[in-house]
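If you read the protein sequences in the order shown, they are chains A and B.
If you read the first sequence in numbering that gives the first Met the number 0, its first letter stands for residue 0, the second for the next number, and so on.
If you read the second sequence in numbering that gives the first Met the number 0, its first letter stands for residue 0, the second for the next number, and so on.
Do not rely on the hints blindly, as some may be mistaken.
[Said to hold, decoys possible] Derived pair list, reagent style DSSO-like, types lysine-lysine, alpha-carbon separation capped at 27 Å:
#1 K136/B / K154/A
#2 K36/B / K96/A
#3 K95/A / K36/B
#4 K154/A / K204/B
#5 K132/A / K95/A
#6 K192/A / K154/A
#7 K80/B / K136/B
#8 K95/A / K84/A
[Claimed, not checked] Estimated spans, in silico, between C-beta atoms of each pair:
#9 K95/A / P132/B: 54 to 60 Å
#10 P132/B / Q128/A: 42 to 48 Å
#11 Q128/A / N78/B: 51 to 57 Å
Hints in this document: simulated from the structure, not taken from any laboratory.
Each residue gets a CB set at the ideal place from its N, CA and C atoms; glycine is no exception.
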Amino acid sequence: MTNSVEATHADASRPAVWAREVYKSFSGRTVLDGVSLKIMPGQVVSLIGPSGAGKSTMLRCLTMLDRYDGGTLSYGDLTVCSGDKGSCVYDRDAVKKARMHFGLVFQSYNLFPHYTVLRNVMDAPIRVQGRDKGEVESQARELLAQLGLSEHADKVPDQLSGGQQQRVAIARALCMNPEVMYFDEATSALDPKLTAEMHDLIRSMADRGMAVGIVTHEMGFARTVSDRVAFLFEGRIVEEGQAEEVINHPKDERTRGFLSMAED
Amino acid sequence: MFSMLMQSYVVTLQIFALTLLGSIPLGVLVALGRLSKFKPLAWLMGLYISVLRGTPLMLQMFAVFFLPYYAFGIQTGNNYKFTACLIAFIINYSAYFAEIYRSGIQSMPRGQYEAAQVLGYSRSQTFFHIILPQVIKRILPAMGNEIITLVKDTSLAFCIGVAEMFTTGRALVASQRTMVPFAIAALIYWVTCIIIEFALHRVEKRLDYYHD
């Protein structure tokens with residue numbers, strides 16, 4: 000995956016993504032209540048917490064599928080939005096540019112069913128980034144090879160298993176050469192062997208300097224794959240720190256309560 | 000008799016083909032208007048669809064045919080018959096097609112739009128490359144139904160005297176005091192539909208390479 004290494008020019012001392020004091024509410028109900036989250040290049044950060052804590056909303060806002068009501072979001076040097084609660088302003092130009100900074104692997108993959116696997120991976124780099132077809136194809140084929148999908152390049156997504164489809168979604172995101180990769184419930188559909196593979200894959204992305212953000216409620220996976228975890232509870236980060244530390248020795252009562260239940 | 004029917008069959012085919020040529024793209028515009036975030040436009044297109052689906056095509060044809068004279072005092076020549084018939088067919092079918100497109104567009108999972116958005120596709124790229132090809136596959140059976148209906152609806156053009164196959168058939172039945180022309184016309188309509196069904200089936204097969 001040498002291409003991706005060269006393409007990730009992130010300055011290691013500057014956060015790849017940084018959300019500061021962000022707020023979000025839906026029809027009067029506060030879902031995110033002053034959350035701050037930072038992911039450095041080469042770092043894997045997991046957002047954990049019970050259902051309804053705001054994890055998904057946070058991810059949707061980080062990926063700009065939804066908009067914060069307040070706070071600041073930046074990708075590298077790009078400030079996507081800023082403003083106080085209720086008066087958050089998005090910079091249209093920055094939003095467009097920032098989309099090229101991250102890739103997202105959806106929980107349900109959302110592959111394009113009418114395109115072959117190869118076309119799924121190649122279409123956006125060519126159409127959106129305006130890159131050379133030959134160059135994109137060689138990167139796409141290399142990615143598919145690394146993900147063990149070479150023989151499936153000419154199939155359509157519906158001919159593949161769930162795990163294979165997820166890897167196509169990963170290849171599709173990686174082919175855009177993002178600085179940040181997000182995973183929504185990376186392992187919820189995977190068996191133990193595939194989960195182990197996913198672990199190695201995510202670690203190798205981080206080793207290459209990519210920032211990785213994961214939303215999950217699988218503690219075992221979060222603990223082993225992450226450098227840091229943030230525990231989200233009712234729209235606030237109640238505990239954050241080194242993965243082992245937070246998951247093995249939680250200080251906050253709510254984290255402890257949630258983790259003791261998650262054990263079973 | 001047969002040759003007269005076949006001559007007018009050409010007119011039937013013209014109405015059929017030109018109606019599709021006009022109403023299939025017009026329907027796209029109507030559907031997009033109907034789905035527009037600009038409320039007055041969405042409302043207007045809703046009204047357009049409601050009126051055109053809610054009144055008989057025959058009356059619409061009369062309206063288009065007589066409107067220039069009664070509303071503006073314009074004397075229309077004999078050539079206007081065919082034009083009026085086409086206008087009525089095109090706007091009428093655009094309303095039906097618009098509703099089919101709308102149902103197809105709305106049946107697309109939100110994840111397809113979101114995946115395209117995250118990958119940076121523009122709105123028009125998303126529509127033309129991601130959404131539309133999938134919508135076409137989804138609406139094909141419903142479109143096929145309408146297209147088959149249109150073959151037979153062309154006979155309504157008799158009401159303003161366009162010399163298509165049914166009009167000619169009726170004249171032959173009256174002058175020759177036999178029902179045979181109707182029987183032949185029926186057979187020709189049916190064969191036409193069989194050919195179209197076959198073509199539609201081919202297209203469906205071609206799009207069968209994926210499922211979602």
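Cross-check of the supplied hints:
{"no.": "1", "hint": "K136/B / K154/A", "in the structure": "holds, 18 Å"}
{"no.": "2", "hint": "K36/B / K96/A", "in the structure": "holds, 25 Å"}
{"no.": "3", "hint": "K95/A / K36/B", "in the structure": "holds, 22 Å"}
{"no.": "4", "hint": "K154/A / K204/B", "in the structure": "holds, 17 Å"}
{"no.": "5", "hint": "K132/A / K95/A", "in the structure": "holds, 22 Å"}
{"no.": "6", "hint": "K192/A / K154/A", "in the structure": "holds, 24 Å"}
{"no.": "7", "hint": "K80/B / K136/B", "in the structure": "violated, 36 Å"}
{"no.": "8", "hint": "K95/A / K84/A", "in the structure": "holds, 23 Å"}
{"no.": "9", "hint": "K95/A / P132/B: 54 to 60 Å", "in the structure": "violated, 24 Å"}
{"no.": "10", "hint": "P132/B / Q128/A: 42 to 48 Å", "in the structure": "violated, 21 Å"}
{"no.": "11", "hint": "Q128/A / N78/B: 51 to 57 Å", "in the structure": "holds, 54 Å"}
Violated hints for the displayed structure, listed by number in ascending order: 7, 9 and 10.
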